[in-house]
Amino acid sequence: MSKHLVAARRALVVMAGAVALSAAAAYATTAEQLLAEYEAIARKEAPGFTGFSAARGAGFFRATHGNEWSCASCHTSNPANPGRHARTGNVVQPLAPAANAQRFTDAAKVEKWFKRNCGDVLGRACSAQEKGDVIAFVRSPNS
Amino acid sequence: MNIERSLLYLARSGWIAALLLTASLPTLAAEAKSRSLAADNAAWRAECGSCHVAYPPTLLPAEAWRQTMRTLDRHFGVDASVDAAAAVEIERFLATNAARGSRTAESEPRVTTTRWFRHEHDEVAAAVFRSPSVKTAANCAACHPGAASGNFDEHAVRIPR
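Residue numbers (my numbering), protein chains in the order written: chain B, 2 to 144; chain V, 3 to 163.
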């Protein structure tokens, strides 16, 4: 398969995943269900997928990715803590479901914020692997 | 800042208008107040209020709000995009309840650089807005404790150290 075809196929898989997740918008969800959905997408995006990693998610969460901000710029390096929006100073409630039961209960909201924040932090969309790693990190007991 | 007074200032800037003000003050104030504070929409509150105070629609003219809604993916340097259905609903709400009259002359769709905002805050030093506890003039709640519920009464203002 040519490079273009691979890229096109990958884009299609990503779009299909986004559509599947937004179709689930009206349904309540949990971090576990989201992880299963991201895993299905990640397997299609990368045939070598070997699972999500809280440790990799932690590294990703706390690092910058070419832009000024990291995830931690607004969420702090510990997702169980409240943060402050790096630009406006607005309080950001904790991201960890253990500290904030509202988190990861609405698939459309999760996708909305990944779209916005990945754009700001990485200048591109996040892969399902990256999203899953981050969720694995924020729901881990020692996050 | 007393929002009722601010709105009156906006609606009636100029001394000729001031002469007329005495007679029309109660009606205008009531009208302006109900338009600014009663206007509410769940999507607007949720989406616009998640990073900053959901600015009352009456603070900017309709065209400025339309421009804001068209460029949400690069909203003051941040991606604030919303889904298509929410975008339509919020834009309609903002445009319907937008500023009318003199404020339509504002050149930039930014609440904190409007003539009205600068006038209301002319006694606040620029350093206050830049201080670590405030960061930006967009952080209304830093000094207006009731900002989230639309209360900008100047008697309640507490400027953090």
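Don't take every hint at face value.
[Unchecked claim] Chain B regions said to be covered by chain V (calculated; three or more residues, Cβ under 8 Å):
hint, stretch
1, 35 to 47
2, 133 to 141
[To be verified] Only pairs whose alpha carbons sit at most 27 Å apart, straight line, appear in this in silico DSS-like list of lysine-lysine:
hint, chain 1, residue 1, chain 2, residue 2
3, B, LYS113, V, LYS137
4, B, LYS110, B, LYS45
5, B, LYS113, B, LYS45
6, B, LYS116, B, LYS45
7, V, LYS137, B, LYS45
No lab work stands behind these hints: they were computed from the structure. No residue lacks a Cβ here, since even glycine has one placed at the ideal position from N, Cα and C.
The hints, checked one at a time:
For the stretch 35 to 47 of chain B, the stated coverage by chain V is violated: 0 residues have a C-beta nearer than 8 Å to a C-beta of that chain, whereas at least 3 were required. Coverage of the stretch 133 to 141 of chain B by chain V is violated [criterion: at least 3 residues with CB-CB distance below 8 Å; count 0]. Annotation: proposed proximity of LYS113 (chain B) to LYS137 (chain V) holds, straight-line Cα distance about 26 Å (limit 27 Å). The straight-line distance between the Cα atoms of LYS110 (chain B) and LYS45 (chain B) is roughly 23 Å, inside the 27 Å bound, and the hint therefore holds.
Taken as a hint, the LYS113 (chain B) and LYS45 (chain B) pair is honoured in the structure, with Cα atoms around 21 Å apart against an allowance of 27 Å. Restraint check for LYS116 (chain B) and LYS45 (chain B): the C-alpha separation of about 19 Å stays at or below 27 Å, so the hint holds. Using a Cα cut-off of 27 Å, the hinted pair LYS137 (chain V) and LYS45 (chain B) is violated, with the two alpha carbons roughly 43 Å apart.
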